[in-house]
Amino acid sequence: MALLEAEQVVMRFGGVVALDNASVDIDSGEVTGLIGPNGAGKTTLFNVVTGLLPPTSGRVKFDGHDITRSTVAKRSQMGIARTFQKLEAFNTLSAFDNVRVAVEKNHRAKWKHRRVGEVAHEMLGKVGLDEVADVTVGTLPTGSARLVELARALACRPRVLLLDEPSSGLNEEETTSIGQLLLELVADKDNDLAVLLVEHDMSFVMGVCARIHVLDFGKIIAVGTPIEVQADTAVRAAYLGSDEFRAAYTGVDE
Amino acid sequence: MIFGVRHSVAVAAALGTLAAVIIAVLTWKGAPVTSETFLVTTYIGLFLGALWAMYATGLVVVYTTTGVFNFAQGAIGVFAAFLYWELHVNRDWHSILALFVVVGLFAPALGVVLDILIMRRLRTASLVVQLMVTVAIMVLLLSVVGDIWEADTPRRVPYLFGINNGIDLGPSQLPWHRLIVFVVAIAIAVSMRFLLRRTRIGTAMRAVVDNRELAALNGARPNVVSSTSWALGSMMGALGGILIAPELGLDPATLNNVVIIAFAAAAFGALRNLPLAVVGAMLIGLLRAHTGAWLDFGPDFRFAHLSIAPLLLLFVVIALPQARLEVGRLAHHLRRHERYTKWWEGLLGCGVVILLAAAFSGGWLDFGGWDPGAWGSRELNSANEAMALALIGLSLVPLIGWAGQINFAPLAFAGFGAFVYLKLAGDTGNGYWILMVGLLCAPLGAIVALPAARLRGLYLALMTMAFAQAMSLIFFPHPWVMPIIGTGRQFPHIDLFGITFDDRRGFFMLMVSVFAIFVYALVLLRRSRYGRRWMAINDSQAAAATLGVPVVWTKVVVYAVSASMAGIAGVFWATVSGNVDSVQGFDLLLGFNIVLLVAAAGVSIPMAGIFLIFIPLFKGFGLRLEDAGNVDFLVTLLDIMTTYGPGLMVLGMVFNPRGAIFEMGRGFSPILPWRSDARAEIAAENAQKREPEIGELGLERPFTPEEVIAIDRRLEILDDVVPKEGYGTSRS
Chain S
1 MALLEAEQVV
11 MRFGGVVALD
21 NASVDIDSGE
31 VTGLIGPNGA
41 GKTTLFNVVT
51 GLLPPTSGRV
61 KFDGHDITRS
71 TVAKRSQMGI
81 ARTFQKLEAF
91 NTLSAFDNVR
101 VAVEKNHRAK
111 WKHRRVGEVA
121 HEMLGKVGLD
131 EVADVTVGTL
141 PTGSARLVEL
151 ARALACRPRV
161 LLLDEPSSGL
171 NEEETTSIGQ
181 LLLELVADKD
191 NDLAVLLVEH
201 DMSFVMGVCA
211 RIHVLDFGKI
221 IAVGTPIEVQ
231 ADTAVRAAYL
241 GSDEFRAAYT
251 GVDE
Chain L
1 MIFGVRHSVA
11 VAAALGTLAA
21 VIIAVLTWKG
31 APVTSETFLV
41 TTYIGLFLGA
51 LWAMYATGLV
61 VVYTTTGVFN
71 FAQGAIGVFA
81 AFLYWELHVN
91 RDWHSILALF
101 VVVGLFAPAL
111 GVVLDILIMR
121 RLRTASLVVQ
131 LMVTVAIMVL
141 LLSVVGDIWE
151 ADTPRRVPYL
161 FGINNGIDLG
171 PSQLPWHRLI
181 VFVVAIAIAV
191 SMRFLLRRTR
201 IGTAMRAVVD
211 NRELAALNGA
221 RPNVVSSTSW
231 ALGSMMGALG
241 GILIAPELGL
251 DPATLNNVVI
261 IAFAAAAFGA
271 LRNLPLAVVG
281 AMLIGLLRAH
291 TGAWLDFGPD
301 FRFAHLSIAP
311 LLLLFVVIAL
321 PQARLEVGRL
331 AHHLRRHERY
341 TKWWEGLLGC
351 GVVILLAAAF
361 SGGWLDFGGW
371 DPGAWGSREL
381 NSANEAMALA
391 LIGLSLVPLI
401 GWAGQINFAP
411 LAFAGFGAFV
421 YLKLAGDTGN
431 GYWILMVGLL
441 CAPLGAIVAL
451 PAARLRGLYL
461 ALMTMAFAQA
471 MSLIFFPHPW
481 VMPIIGTGRQ
491 FPHIDLFGIT
501 FDDRRGFFML
511 MVSVFAIFVY
521 ALVLLRRSRY
531 GRRWMAINDS
541 QAAAATLGVP
551 VVWTKVVVYA
561 VSASMAGIAG
571 VFWATVSGNV
581 DSVQGFDLLL
591 GFNIVLLVAA
601 AGVSIPMAGI
611 FLIFIPLFKG
621 FGLRLEDAGN
631 VDFLVTLLDI
641 MTTYGPGLMV
651 LGMVFNPRGA
661 IFEMGRGFSP
671 ILPWRSDARA
681 EIAAENAQKR
691 EPEIGELGLE
701 RPFTPEEVIA
711 IDRRLEILDD
721 VVPKEGYGTS
731 RS
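So the sequence lines, in the order shown, correspond to chains S and L.
Take the first sequence: its letters are residues 1 to 254, numbered as in this note's numbering.
Take the second sequence: its letters are residues 1 to 732, numbered as in this note's numbering.
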């Protein structure tokens, strides 16, 4: 059984159907990709899974429990963490304090035998931000602020990590090292971690994901390994003319 | 967190109606209801509604077109009414001429000047700064009015065409004045609706507020648009003020409070819907007129009929579907390092404050020729009052400064604290009950927090304002709550540690000590996980929630802490003179002043509190100088500082949004050896200033020849490639 399942999720905003019976399942120990053209409903799905939006219908299951009606904070305690496409870092706090807020909240449940500052430093170290620990996040470049969000999410010691375009604002080298970090994190059996990755950088997605879900106009149109997805005709139709996909498909980077 | 929108509106409406029916039954006067009296009451209600609709229209037009909610709308009306009185009554100008000069020339000029000097620069400011600046303009305008037209002369603004001329309605008369008001108000609302929806400039106005840059690229001129909006809004405020003055009398505070009714009406239209705002204004007018005619609230609730608008505002704001309000954008600055006030800096600061206060009040400092001596009772009284207000102000630091929860009701919490203390300690003056006051005020804060938890920014400001106004109209004037002033000392001298603080100097030092304890507690709180968590929910509620932070509970806690502090401060506020005026003592305007002072000092820094203590010291010092004589210049200066200081300092936030304390800390950094961080920051900023700016890339204006050269150098384009002249300056 999958660790996290979204079953037949429908999300309507007035007349707009953002998610149309979308089902996604992710397993621990691997990175699952979620791709699709702009406006396909990827971020909406993240919001439904983390509880920021109540779905019109459908269910979200975590570890076998139905969490469709749980609060955002409750889901976080159960082990769902995320980053945001549109930056939601705590801009007036330092990078260190951003992470510290997360560690403090989860200290009793998840980091019992370690000191708060020590954990926070370790998380910042993982994303390579040691040097700017005491810099106010609002004054950091966008890419670094995204990494702060990642460190903050890791500080919740999640079992499911939802990443919304972590590579935007990062250069190629930084993107590669984030991909490496994700692979290391899921490979570590102690973490028992599942990652769901929304990403536009196709070479990044194809490189780290074990399986990929493709979302188009709120519907899941394909699920499979990167190779299967790239060969799928429905996917190619959805992306036809899209530079991103052509780049990914032909292996030529923009 | 997320309520069904229609559901909550229905529940609120049902509860409101039920409460209204119960109140109506309980307070029914028993006057006979005839169709004639009913009609007369209705026409008075519609007339009142029309006046408020005029204010509300101005508010909505400015808000929809510039995104700034103008708290100074009422004050513009006050200023215009006084100016009209000056020209028409005092200088005998014809009413039409005076009306034209004030509404047609002065008001639009004021609007344009405000826009050019201040409002335009608020575009990228945070919401807190935006709100504070318009509140500051309100306070400044009222101060100017108070200075020019001193309160001791009685003044009246006459009705247009007199009160006795008009249409005969049988039992009574409809004066031309009221008929004109009604027609003009409706005409203004309709034409504004037409302007915004059907004309080119109206479309441009609405486009500019959504995306200024994009609208500019499509040919709209944002600056012209915003100046037009402010001119129009200011004209409507001025007209409303002049037309309402004959009804209410020419009193700045009364006239200014009209704006709360306009806020309620505007909120009824979700701040953007003009027709609904007019309907809201009419509804409030009818409610006011009919409650006045049929209901009697008795002497204990003598201001209850005035509380309809604040209560409606409270209901509407709480029930309103929460559209995502535009929040200020954070401009990108240089990389800045976070800095906590160190624990020893806090101790040092508090120690200095206590010593300084002791030195001033004890007369240990000698200023040469002025014979400072000890302060007299007058100076100490004034200093004590200001000190108590400064204490109340400190309670806003965690709430506004850190958690970003705008609160215009610090005096409501303070008054509740004073009330609890009066009931607990009675005539004993036992100071240990003050701790209990702190505990008992926390639940009140929590109760306010619950509806506040789902509000943000502007709606929160309006809600707390309505709450403060409702408390000061219904709760505090009740004789059981606050004793009527003039019946002797009701709040006995505080008795603590076996000492009775019955002399003013001792009491002053007691307050200074409590002040120091508060400041130090804030320094520690800011360093704690609670301080961090409060700042986190201010920056992003969604992110905080996904980290497991319970957002509502966190807000409840910060409100409770703030209410406790304000409640304790309220005990001192009431004890200063042994009594507190149940009307003046909790006035909304006074509350605004406290909020302004804290904001100007830099509301997010615990040490900002230190700044507040200078106000009482200045006040006492000014009076002392006055007594000493022959230093008129200094007295005037200090007078201006205490009257206009808070407002002017807040206007300074347009340029330095981080507040005075922050800038002072930086200013002193060269002589504070441990502030190497601030010195490095200043150096970096100066270095950046020297860089030639090529940021905007010609989007706003063509390149100058100097910029072309700078860019070419940067891009290493060879000199001979560059055309000699005309390059970039004449873009077709």
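Since the hints were derived computationally from the structure, they do not count as laboratory data.
Even glycine gets a Cβ: it sits at the ideal position worked out from N, Cα and C.
Among the hints, erroneous ones may be present.
[Unchecked claim] Not the full set, but computed from the structure, chain L residues with beta-carbon under 8 Å of chain S:
1) A231
2) A270
3) R533
4) A543
5) A545
6) V549
Going down the list of hints, with the structure as the test:
{"no.": "1", "hint": "A231", "verdict": "35 Å, violated"}
{"no.": "2", "hint": "A270", "verdict": "17 Å, violated"}
{"no.": "3", "hint": "R533", "verdict": "6 Å, holds"}
{"no.": "4", "hint": "A543", "verdict": "4 Å, holds"}
{"no.": "5", "hint": "A545", "verdict": "4 Å, holds"}
{"no.": "6", "hint": "V549", "verdict": "6 Å, holds"}
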